[in-house]
Amino acid sequence: MEDIEIDELADPELDDPVFIEGLPGVGHVGKLAAEYLLEEFDTELVRRVYADEFPPQVNIDDEGVASLTCAEFHAVDAAGTDLLVLTGDHQAQSNEGHYHLTDTFLDVAEEFGATRAFALGGVPTGELVDEYTVLGAVTDESLVEILEDAGVEFRDDEPAGGIVGVSGLVLGLGGRRGFEAACLMGETSGYLVDPKSARAVLEVLEEVVGFELDYAGLEERAEEMEEVVGKIQEMQDQQQGMPTGDDLRYIG
1 MEDIEIDELA DPELDDPVFI EGLPGVGHVG KLAAEYLLEE FDTELVRRVY
51 ADEFPPQVNI DDEGVASLTC AEFHAVDAAG TDLLVLTGDH QAQSNEGHYH
101 LTDTFLDVAE EFGATRAFAL GGVPTGELVD EYTVLGAVTD ESLVEILEDA
151 GVEFRDDEPA GGIVGVSGLV LGLGGRRGFE AACLMGETSG YLVDPKSARA
201 VLEVLEEVVG FELDYAGLEE RAEEMEEVVG KIQEMQDQQQ GMPTGDDLRY
251 IG
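Residue numbers (the UniProt record's numbering): 1 to 252.
Incorrect hints may have been included.
Dumping the calculated SDA-like pairs for lysine to any residue here, alpha-carbon to alpha-carbon at most 20 Å [said to hold, decoys possible]: (1) Lys-231 / Gly-190; (2) Lys-231 / Leu-192; (3) Lys-231 / Glu-127; (4) Lys-231 / Glu-206; (5) Lys-231 / Glu-219; (6) Lys-231 / Glu-180; (7) Lys-231 / Val-129; (8) Lys-231 / Tyr-191; (9) Lys-231 / Leu-128.
The set of hints was computed from the structure by calculation and includes no laboratory data.
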């Protein structure tokens with residue numbers, strides 16, 4: 001196969017769609033948020049993107065059928081607001097691959113007429129989170145006040161080391177193309193899948209983009225994760241010399 005191949009599956013007419021990126025990252029926050037949008041609204045799969053930068057593997061469905069790993073674009077009708085949502089199970093395995101794939105993703109977004117983009121992700125705190133703050137980064141200072149009004153925080157030198165992967169390049173490369181782009185990063189411990197952080201990010205997106213979600217499904221997942229956290233804390237409480245409660249730290 002070529003380095004990057006795109007399967008064109010449908011070409012719906014979208015009205016000023018908002019490009020939403022939600023690939024795997026810290027706490028799977030962005031991926032959870034993007035996939036929840038697909039669960040809650042009417043969607044249509046429009047593109048599959050294959051690349052030799054993805055891991056050499058196939059996914060197996062419930063019937064045992066294999067399919068080559070890829071990233072997918074879905075056209076989403078969010079109660080009258082059009083979204084173009086990018087999801088997938090993997091990011092590129094090299095720096096060069098991140099650039100090439102992000103350029104391809106932006107090509108697809110432009111093809112459907114998107115001029116605004118939101119990259120969704122998590123920022124690790126290294127400890128359990130009680131109040132889920134969303135941090136922001138933007139391509140233009142004019143977007144800061146809009147996001148601050150929605151509760152997003154902008155902090156000096158955070159996240160430390162910048163934003164890596166597709167989420168960072170959606171801003172970097174997207175900004176050079178003229179996209180109005182922002183990265184919404186929910187605080188998360190960094191070592192567990194975090195539905196509560198995903199909800200915090202989606203609540204910001206709701207207010208800024210203009211749609212409404214029912215969070216019952218995410219609340220169920222959050223309760224399941226709280227049970228897991230409780231068991232982890234219990235095990236650590238029983239180990240001499242290990243931190244407990246709020247002092248739990250991420251190692252890895």
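To see whether the hints hold, each was checked on the structure:
With a C-alpha separation of about 17 Å, the suggested pairing of Lys-231 with Gly-190 holds against the 20 Å cut-off. Taken as a hint, the Lys-231 and Leu-192 pair is honoured in the structure, with Cα atoms around 13 Å apart against an allowance of 20 Å. In summary, the hint linking Lys-231 to Glu-127 is supported, as the alpha carbons are separated by about 16 Å, within the 20 Å threshold. Of the supplied pair hints, the one linking Lys-231 and Glu-206 is violated, its CA atoms being roughly 33 Å apart against a limit of 20 Å.
A threshold of 20 Å between alpha carbons decides the hint, and for Lys-231 with Glu-219 the separation of about 19 Å falls inside it, so the pair holds. Among the hinted pairs, Lys-231 with Glu-180 is inconsistent with the structure: their alpha-carbon atoms are about 43 Å apart, more than 20 Å. A distance of roughly 16 Å separates the Cα atoms of Lys-231 and Val-129; the hinted pair therefore holds under the 20 Å criterion. With a C-alpha separation of about 14 Å, the suggested pair Lys-231 and Tyr-191 falls inside the 20 Å cut-off, and the hint holds.
The suggested pairing of Lys-231 with Leu-128 holds, with an alpha-carbon distance near 14 Å, which does not exceed 20 Å.
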